[in-house]
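K.L.:
One letter stands for each residue in the lines below.
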Amino acid sequence: MIATSTKPVAPAATETAMPPAVALSPDEASVSIRDLVIQYGALTVLDRMSLNVGKGEFLVLLGPSGCGKSTLLNAIAGLLDIADGEIWIAGKNVTWEEPKDRGIGMVFQSYALYPRMTIEQNMSFGLKISGLPKSEVAERVAKAAKMLRLEQLLKRRPSELSGGQRQRVAIGRALVRNVDVFLFDEPLSNLDAQLRAELRVEIKQLHQDLGNTMIYVTHDQIEAMTLANRIAVMKGGIIQQLDTPEVIYNRPANRFVAGFIGSPAMSFLTGTVEGGAAPRFSANGLTVPLDRYDFDSTASGQLEATLGARPEHIIVGNPASGTDDGRWLWLDGKVRLLEPTGADTIVWTELAGQPLTIRVTADQKLKVGEQFHFALDLTRLSLFNAGTGVRL
Amino acid sequence: MSSIASPAAGSRVVVARGPRPQSLTAGRIGLYCFILVTAVYFLAPLYVMLMTSFKSMDEIRLGNIFNLPQHFTLQPWIDAWLHACTGLNCTGISVGFTNSVIITVPSVILSIAAGAINGYALSFWKPRGANVLFAILLLGAFVPYQAFLYPLVRVYSTLGLFNTLTNIITVHIIFGLPVMTLLFRNFYAGIPMELFKAARVDGAGFWRTFFSVMLPMSTPIIIVAVILQATNIWNDFLFGLVFAGRENLPMTVQLNNIVNSTQGERAYNVDMAATILTALVPLAIYFFSGRWFVRGIAAGAVKG
Ligand SMILES: Nc1ncnc2c1ncn2[C@@H]1O[C@H](COP(=O)(O)OP(=O)(O)O)[C@@H](O)[C@H]1O
Ligand SMILES: [Mg+2]
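Sequence order for the protein chains is A and B.
As numbered in my numbering, residues 1 to 392 make up the first sequence, in order.
As numbered in my numbering, residues 393 to 696 make up the second sequence, in order.
So here's chain B without its partners, still in its complex pose (with noise of 0.2 angstroms):
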């Protein structure tokens, strides 16, 4: 009966047996090959940030952009957090980090927040005219920021609340609920019918059913909704110019006043320092966020 090869055979044929051996193939070492151009590529350039941050002026100035630093020196981080210039102002991109921590996390957590309530009654109560009003948000996601602008700086006048952190705060929110309700929506169709029917039955209201059933299964989707809005939220340029005001400009819109001040020698250092800042905190998030990371990007990728 059985067709395996009898060893008596006495011949070397190998027997199939057991985990297939691996064999590198042309087109593995290729594919290998890709991988490693694409990642000197995109890293090349934080490698030349992160040397030049570490060099005094007169290094600089020698022109070997990818010698490692002669001097190692700090000096630049340390100006860029505390004294480089705006303007007028020398207080360094600290006062930017702190506004754009003050700006993003109540943006994130509110915006988070009524993505799900939006995505939790869309997929179990189905109101009446539920699809329209899915269809019509999600119509806001495409619509391309810069045609809100200008309307939106007039409704912010008008109610007085232009150039306020109220300002920019909602416009954060108001932008974030499209992408959040669609990825709380299609989080909880997946979530079985019948386990809402049972909170029903037990007498769970809208926000029974919601804080104390749906909620707490929710946390895989409440990790990749934070990792989108913060990420999202802290690289904002426009917004920040537009509605934030002069007191609480982020830390994106103070990184280019810096960078692009014009008074005297620029000071490359203090600027790759100061840029390496501001990315710091999407970037920890990138790398602390491991596999989660990836379903962000799919998930993020309904934006298009």
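For reference, chain A alone in the conformation it holds in the complex (with noise of 0.2 angstroms):
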């Protein structure tokens, strides 16, 4: 989806994950993964991973796809064989039960309805298994039917509902289960951008009424950011950045997490940062002041450098409205090209000889070919190690 996810990032920047927000001890956590280790054959999805999810914590897994979401997931569930590591549901050791004695429910992606039965039947098909009495299952079912507004579908089949309400059927499914934990298994992938937008608002709402702790795996930056307390990005079996949507977006820790989040996404230029008093990035004839850079580390002498400015937080105007006090730094270039959006438009144009995106609202009247002026904002740009891809 994003053009530079696929770039790489040499290997070590994945090993620096930044702390959680919420440090979580292992004991309050209602999810805990220790040491976990998946191997398919000779191929290791995930090596020694730990992972700490809070009670009613809303965590969303996000990567691209084949980066170990799905196995993660499916590891918590119990439906795989683990090769090594402890998982802990509500302060028990569930490594070696079965899935339905772990105390969670389960959406997939392909809703995964059974079709032979009815709305009601699958709803109800695990409580009957469980030995429920049948005043009990139904009271449940009903309860979950009023909740997700399935009551008049309860005697249908799942081949004569639509994509949303078979979503919503399954989520019911794990609802009756009563648990404390939701697994969520891209649940909106297999849905149109409207009903996707619309179910989005409805898990969240789940959530707000409901409390539970809800793990969620998607792809989707937006439903990352509009669903999750927290984010774990992953790559490569790694998660790369735990923490809130927000400092995800300011603060990428590494240069994949920065492509990845943002769209459009984030401009990258490359060239060198030179530390010291006065801090400044430069690159084919550009100099960018950095006094206003909030700096991870204390950087000395100089370094190949990556400098990401994301497309909003570039305005486009005339230098005489100020700098702000510093807080601008004022360019000129080019049109390029420009991509309407509706609201939007992204104008592409060029600095020191890089591409860059600016994102300006729809009536600002530029040009293909114009020369224009954009200025950066100083204090919500990302500096990352041009070798290792770790934010500076």
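Calculated from the structure, these hints are not laboratory results.
In this text the structure is predicted, and so the values were computed from the model without any measurement.
From the three backbone atoms N, C-alpha and C, an ideal C-beta is built for every residue, glycine too.
Do not rely on the hints blindly, as some may be mistaken.
Quick list of simulated restraints, FRET-style, between CB atoms [to be verified]:
#1 B:Arg520 <-> A:Asp84: 18 to 28 angstroms
#2 A:Arg157 <-> B:Ala431: 36 to 46 angstroms
#3 B:Ile494 <-> A:Asn178: 48 to 58 angstroms
#4 B:Phe603 <-> A:Asp81: 19 to 29 angstroms
#5 B:Phe534 <-> A:Asn178: 45 to 55 angstroms
In silico lysine to aspartate or glutamate, EDC-like type, Cα no more than 20 angstroms apart, as pairs [as the list claims (entries may be wrong)]:
#6 B:Lys518 <-> A:Glu98
#7 A:Lys100 <-> B:Glu586
#8 A:Lys55 <-> A:Glu28
#9 A:Lys334 <-> A:Asp294
#10 A:Lys143 <-> A:Asp180
#11 B:Lys518 <-> A:Asp81
#12 A:Lys128 <-> A:Glu139
#13 A:Lys143 <-> A:Asp209
#14 A:Lys334 <-> A:Glu312
Two chains, each in its own frame: build the complex with the hints.
P.N.:
If you want it as structure tokens, here you go:
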């Protein structure tokens, strides 16, 4: 989806995940994963992964396809064999427990409804197996159906339902189990854009109403940003950054996270950083002062670096409107390409010989080939070590 | 903007619009001719058999095998069903029919059940060594049956089961297993793994998942399997001859005995009627299975 997300990042960068904003001890966690190793034959998908999810937390696992999100979720559910490590749910070691005994409910991308059963039978299947009395089963199904507005559909078959309704049934099937932890594996990926937005709100509402722990897998950053209390950005089976959506967006821990989050993607300029009393970034005759940049590490000397600027953190206008006490760095360029998206227009230009995108409101009348002025917000830049990709 | 020629242009140019007109090309005509010739070629023997079975022996001796019967008679059919002789028994082919039903019904049901469970286990539970097991099973499907005959005779003799109903039915189950397993494994491979996972989260075990979730979805493949197995087992000659025993000889073997009995004059009309009666069950299955028939053939093609 985002072109820059496929750019390679040096392996060393992946080792430095930021500590979680909410430091959780394994004991107070609702779901705790300790040194989990998962292998498919010779392929190690997860290598000594540890992760703590707080009680009532909405954690989103975000990452490109094939990075091991589903694998992690299936391991928590007990649906695949693990090579090493422990999984704790609600203070109990469930590493060797069957899925049904773990206190989890799961919702799948393909809905996975039993095609020959009615909606009611789909939702009550698990409860019947567990031997719950009939009246109790009916009560729970009725309650879930009411919550998810499925009452009119109970006698129908899954094939007679729309995609959105099917996924609500699948959520209902997890709901009736009265469990502590909900696991979602890309539940909205098979829906069209409008339904996806609707159901996203419903899931968020459900989380607010129920207060359960939810672990939600997606490759869609909008879902991640809107739903999560915390996001774990994954790549190659390793958590790159685990933090609140705000921190992930504003202070990406490395070049990969920076490129993966945000749409349109962050623009990157390669150049060098000079530390010291007056730090600055320079590339191809461009000099960006960095006294307002909040360094993670104290940089000294010269270093190959990548400067990242989000399209929405660049303004277009007149340098006469001021630099706001040095917050704005005015530059000029030529419009190469315009991408109108309705409310906004994406302007493609060049800076220091490298492509740069700027997001402007649609009422900015720019023309292709036109010379124009724009300003970088010096307080919202990101800087990465060009070799390791780690934030500076 | 519009590129459609306006009618005001006045010319009689035909505007391409709506369904494309059908035209009979030379290729089409050739194709139809080929199909017709092929159909005639394959139907001619059936026609001759039917005509002969409705004629008396006097009429048959005249030798006009393509003529319609002049004196239509059903007697050969009655004789074939009730009075035709195999050796000293003159009880007709009805005995063989009953035997074939008794052999085919349990063999079909049990071989499909075994294949379905095998295919389900291999597709979803993936036991250790599943692939090796499956490869061996497939290999079994390609070894000529004749190679198994003598060892199997010895095994069943030792068990004291040789030439019994149990013998012939279990042989059919064993030899149906590879293809049935393959058929069901391929079918279940097309069902999303997530469905199986959902059932496991719901607490369904091996059998519960099979009977409540997988089996109800398997109707199409079960129909294909029934077509394959019913026709295969009904048409079997070799196993019936070797393993069924004198009391349980299937219809195919009895037909052979009637047609090849050497006593007296050869009753062609009775032979023809008996042959058609024997072929009637698979014919009926093919006719009534409709669209499933093609799928059955395609699925059966793996057998080679
Ligand atoms: N059953 C399997 N056998 C072998 N490799 C698998 C299997 N399932 C997943 N993988 C591999 O594990 C990696 C992670 O897969 P997955 O967890 O499904 O990724 P995601 O859900 O993030 O897209 C991928 O490289 C994939 O090819
Ligand atoms: Mg996945």
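K.L.:
Decide, hint by hint, whether the structure agrees.
P.N.:
These are the hints, each one checked on the structure:
1. Between Arg520 (chain B) and Asp84 (chain A) the Cβ separation comes to about 19 angstroms, which falls inside the hinted range of 18 to 28 angstroms.
2. At roughly 42 angstroms, the beta-carbon separation of Arg157 (chain A) and Ala431 (chain B) lies within the given 36 to 46 angstroms, and the hint holds.
3. Taken as a hint, the range 48 to 58 angstroms holds for the pair Ile494 (chain B) and Asn178 (chain A), whose Cβ atoms sit roughly 53 angstroms apart.
4. In this structure the hint that Phe603 (chain B) and Asp81 (chain A) lie 19 to 29 angstroms apart at CB holds, the actual value being about 25 angstroms.
5. For the pair Phe534 (chain B) and Asn178 (chain A), the beta carbons lie near 53 angstroms from each other, so the given range of 45 to 55 angstroms is met.
6. Proposed proximity of Lys518 (chain B) and Glu98 (chain A) is supported: the alpha carbons are some 17 angstroms apart, at most 20 angstroms.
7. With a CA separation close to 15 angstroms, the supplied pair Lys100 (chain A) and Glu586 (chain B) stays within the 20 angstroms bound.
8. Only pairs whose Cα atoms come within 20 angstroms are accepted, and Lys55 (chain A) paired with Glu28 (chain A) is accepted, the gap being roughly 8 angstroms.
9. Among the hinted pairs, Lys334 (chain A) with Asp294 (chain A) is inconsistent with the structure: their alpha-carbon atoms are about 30 angstroms apart, more than 20 angstroms.
10. Distance hint between Lys143 (chain A) and Asp180 (chain A) is fulfilled; the C-alpha atoms sit about 17 angstroms from each other, no more than 20 angstroms.
11. A C-alpha spacing of about 12 angstroms is found between Lys518 (chain B) and Asp81 (chain A), which places the hinted pair at or below 20 angstroms, so the restraint holds.
12. Between Lys128 (chain A) and Glu139 (chain A) the CA atoms are separated by roughly 13 angstroms; this keeps the pair inside 20 angstroms, and the hint holds.
13. Taking the CA atoms of Lys143 (chain A) and Asp209 (chain A), the gap is near 13 angstroms; set against the 20 angstroms cutoff, the hint holds.
14. Restraint check: the Cα-Cα separation between Lys334 (chain A) and Glu312 (chain A) comes to about 18 angstroms, which is no more than 20 angstroms; the hinted pair holds.
In terms of the numbered hints stated before, the structure departs from hint 9 and from no other.
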